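Number of protein chains: 2
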Amino acid sequence: QEISAKGDAPAGNNSRVSQIMRFGFPGLDNVRTLKDYVISYDRRNRTANWVFEHLTPENVAYNEYVDRKHCEFVEDESFHPYHRARNEDYKGSGYDRGHLAAAANHRSSLQAMGETFLLSNISPQVGKGFNRDAWNKLENYVRKLTKNHPNVYVCTGPLYLPRKEPDGKTYVKYEVIGKNNVAVPTHFFKVIVMENEKGDFHLQSFVMPNQALPDNINLFNFQVPVDSIERAAGLLMFERLPRNRLKYINGKKI
Amino acid sequence: QEISAKGDAPAGNNSRVSQIMRFGFPGLDNVRTLKDYVISYDRRNRTANWVFEHLTPENVAYNEYVDRKHCEFVEDESFHPYHRARNEDYKGSGYDRGHLAAAANHRSSLQAMGETFLLSNISPQVGKGFNRDAWNKLENYVRKLTKNHPNVYVCTGPLYLPRKEPDGKTYVKYEVIGKNNVAVPTHFFKVIVMENEKGDFHLQSFVMPNQALPDNINLFNFQVPVDSIERAAGLLMFERLPRNRLKYINGKKI
Ligand SMILES: [Mg+2]
Ligand SMILES: [Mg+2]
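Chains A and B, in that order, give the protein sequences.
According to this note's numbering, the first sequence is numbered sequentially starting from 1.
According to this note's numbering, the second sequence is numbered sequentially starting from 1.
Calculated from the structure, these hints are not laboratory results.
Every value quoted in this text rests on a predicted model; they were computed, and no experiment measured them.
Mixed in with the good hints there might be a few duds.
For chains that are exact copies, the list does not tell them apart, and a pair is met inside one copy or across any two.
Computed cross-link-like contacts, EDC-like style, restricted to lysine to aspartate or glutamate with a CA-CA straight-line distance of at most 20 Å [claimed, not checked]: (1) Lys253 - Asp215; (2) Lys179 - Asp167; (3) Lys179 - Glu165; (4) Lys252 - Asp227; (5) Lys164 - Glu195; (6) Lys164 - Asp133; (7) Lys164 - Glu88; (8) Lys128 - Glu197; (9) Lys198 - Asp67; (10) Lys173 - Asp67; (11) Lys137 - Asp96; (12) Lys169 - Asp96.
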């Protein structure tokens with residue numbers, strides 16, 4: 001189902017899902033649809049494979065009745081107890097409970113914001129210098145795109161990137177926390193597609209390491225080719241985006 | 001669709017799939033059905049999440065026309081090039097191309113055996129002491145169960161198990177090989193359900209480390225509770241097995 005470029009308010013949840021997923025699913029593993037975002041869950045790592053959001057000027061606008069002070073982190077009971085992350089896994093780990101679909105992107109209702117506090121939408125993130133700083137800056141940047149784009153599509157997820165070690169071999173290595181071994185991603189990605197009033201698209205893709213980054217970073221230094229994310233994450237991004245309307249990639253006219 | 005306990009020969013492929021998957025799918029991520037096995041593929045790690053087989057006296061019986069010397073390892077073109085393992089990834093890695101669904105379990109036709117050589121069904125395995133020895137011994141053990149069980153169901157897959165390091169934290173760490181970063185699992189599991197002539201079930205579950213093991217190992221020392229596999233792999237095993245007919249678990253009457 002196609003939608004207009006005007007960011008019409010969603011009708012029922014089915015139509016909202018087709019709005020959010022307008023350009024295709026990056027993968028189909030353990031998909032759940034929430035009020036205002038869609039998630040694919042990685043039962044082995046106890047965090048998402050990806051979450052998908054559709055930001056409009058309306059759903060990011062300030063709303064005095066929708067505030068994160070009313071929200072609580074809760075385990076996602078739609079998954080088997082064997083595969084759930086729990087609040088106690090994070091306790092004492094040194095990591096923040098970092099949102100993938102950001103709370104402030106979902107101000108249309110308290111339910112919409114509340115659902116971003118499901119632990120399936122949470123990853124262990126370094127707090128100071130990352131979740132509260134560099135990553136937050138990227139989230140703010142994405143939200144501001146709605147000021148001159150009626151539709152902004154965002155896919156966010158964790159990465160577990162390989163690294164060459166002194167023995168000459170390459171390894172994937174990541175910490176796991178708590179009794180339920182919740183994976184601490186080495187990096188996070190965001191792939192963003194914004195649509196302007198003319199119906200032209202601009203794709204930007206970012207990868208940031210899950211570590212304290214300097215205050216004065218330039219977000220655009222973290223842009224990467226989207227295929228590097230697709231390969232590393234095992235996903236395919238925006239497959240149904242009409243290529244003839246994709247005019248810019250990472251700021252470059254194509 | 002229920003089948004008899006007599007191991008009737010399969011009719012079409014649809015009916016074969018429902019025979020193989022009689023007790024449910026462990027997960028639904030990137031499932032492909034082949035002639036004589038079913039696979040779920042992990043596009044991030046370039047190897048399977050799990051493969052499922054249904055062994056009968058017929059499909060493991062010697063057949064002079066079906067021999068692995070006619071088979072070749074080939075990349076699985078049903079997956080996007082970004083997510084495929086390739087033969088050159090294994091070259092010079094020091095690892096064998098180890099079958100998950102064992103070639104010798106699929107002697108009903110050359111096509112059936114040939115499909116076990118798809119690289120989606122292959123994981124990097126230590127050759128000497130593991131693929132060619134301990135793991136092979138486990139595969140032989142499973143095949144021999146068909147001598148007194150008309151139906152043997154086998155789910156096999158990789159594990160990436162966490163380990164505590166000297167810093168007191170717990171990490172998942174595994175090598176990746178080749179240009180396509182094919183994951184080298186730290187362990188492999190097999191969950192086996194055998195059905196006897198009376199229609200009673202016996203479940204056995206094994207985890208073996210991907211390393212050279214001594215010649216004289218006792219396979220039964222590698223038995224583990226099935227839930228430890230379900231938690232670590234992010235899967236659910238044999239959910240539709242009727243619990244009142246499950247009489248033995250890992251050799252113990254229940
Ligand atoms: Mg955050
Ligand atoms: Mg083998």
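Within, between, both or neither, where Lys169 and Asp96 count as close if Cα-Cα is 20 Å or less: between (31 Å within a copy, 16 Å between copies)
Within, between, both or neither: Lys164, Glu195 at alpha-carbon 20 Å: neither (39 Å within a copy, 47 Å between copies)
Status of Glu197 relative to Lys128 across identical chains (alpha carbons, at most 20 Å): Close neither inside one copy (37 Å) nor across copies (63 Å); limit 20 Å.
Up to 20 Å CA-CA - Asp67 versus Lys173, copy category: neither (37 Å within a copy, 39 Å between copies)
20 Å Cα threshold - placement of Asp227 relative to Lys252: within (16 Å within a copy, 50 Å between copies)
Alpha-carbon proximity context of Lys179 and Glu165, limit 20 Å: Between. Shortest inter-copy distance 16 Å satisfies the 20 Å Cα cut-off; intra-copy 28 Å does not.
Alpha-carbon proximity between Lys179 and Asp167, which holds within one copy, between copies, both or neither at 20 Å: Result: close only across copies, 17 Å inter versus 31 Å intra.
Identical-chain pair category, Lys198 with Asp67, by Cα at 20 Å: Neither, since 33 Å and 61 Å both go past 20 Å.
Status of Asp215 relative to Lys253 across identical chains (alpha carbons, at most 20 Å): neither (29 Å within a copy, 62 Å between copies)
Alpha-carbon proximity context of Lys164 and Asp133, limit 20 Å: neither (28 Å within a copy, 30 Å between copies)
Within, between, both or neither: Lys137, Asp96 at alpha-carbon 20 Å: So Lys137 and Asp96 pass the 20 Å test inside one copy only (16 Å; across, 46 Å).
Alpha-carbon proximity between Lys164 and Glu88, which holds within one copy, between copies, both or neither at 20 Å: between (33 Å within a copy, 19 Å between copies)
When held up to the earlier numbered hints, the structure conflicts with 1, 5, 6, 8, 9 and 10 and fits the remainder.
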